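A.B. asks: So the sequence shown is numbered by our numbering: it starts at 661 and just counts up by one.
Don't take every hint at face value.
Said to hold, decoys possible - Just the calculated beta-carbon pair ranges, DEER-fashion:
#, residue 1, residue 2, range
1, HIS798, LEU843, 19 to 29 Å
2, SER710, ARG761, 32 to 42 Å
3, PRO692, LYS828, 36 to 46 Å
4, ARG682, ALA752, 25 to 35 Å
5, ALA662, LEU758, 33 to 43 Å
6, LEU754, ALA719, 27 to 37 Å
7, LEU768, GLN696, 37 to 47 Å
8, ASN846, SER814, 19 to 29 Å
9, ALA719, SER765, 20 to 30 Å
These are computed hints drawn from the structure, not numbers from a lab.
Note that the structure is a prediction, hence the values are computed from the model and not measured.
Glycine is no exception: its CB is placed at the ideal position from the N, C-alpha and C atoms.
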Amino acid sequence: MACAESMQAIVAEPLDYLHSQRLFVPAQFRGPEARQVLNRIVLDGLQLQSTWPPVALSAVARQWVLHWRQLPRIAGLMGAWRLMPELTRGGALLRFPLSMRRFASCSLSVRSALPIDCPVISMQVVEAAGLNALCSWHEQVPALLIERLFLQFSPTVVRLYEQWPLAKPDPALFHMAVQHARLYPNPD
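Please model the complete structure; the sequences and the hints are all you need to start from.
C.D. replies: Following this line, the structure appears as structure tokens:
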């Protein structure tokens, strides 16, 4: 699917990527006609734009579009990498999938610290740290993608993300996480 077609699908069909804690869709509403109506209801209810004004996308925005459904996994990888020092305490890292542990131990650049106020680092905290890293690209990604990105995460993850200052974009971390998610699509 071309980037423009993928972008239009992201904009017009939020049910395709809406986090399961945000909306449960019964089986009888999973047909194409029902999905079209439900997509419209979601867009109207969240006051989201339903069409994409064709604009040139930055290289980062194109990566977001091309790997849209993998962004929660990419965020998890980025979050684990950012929180590696905290995750090493008490063996917390061992609770996470092997591919995430391997990525977290990569030596990329200086890790920017987050003001973590949790005695136990959960997967939700890791995802929130990664969401923070993804949102650091807000100047290079259209606002309508940022608003929809939040829909891919649980409300708890978004609330955790909101308590921290935005990180600075880390190109190496983002590109390595994209490549890792692409090469190892199924976490263990």
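A.B. asks: Can you list which hints this structure breaks, lowest number first?
C.D. replies: none
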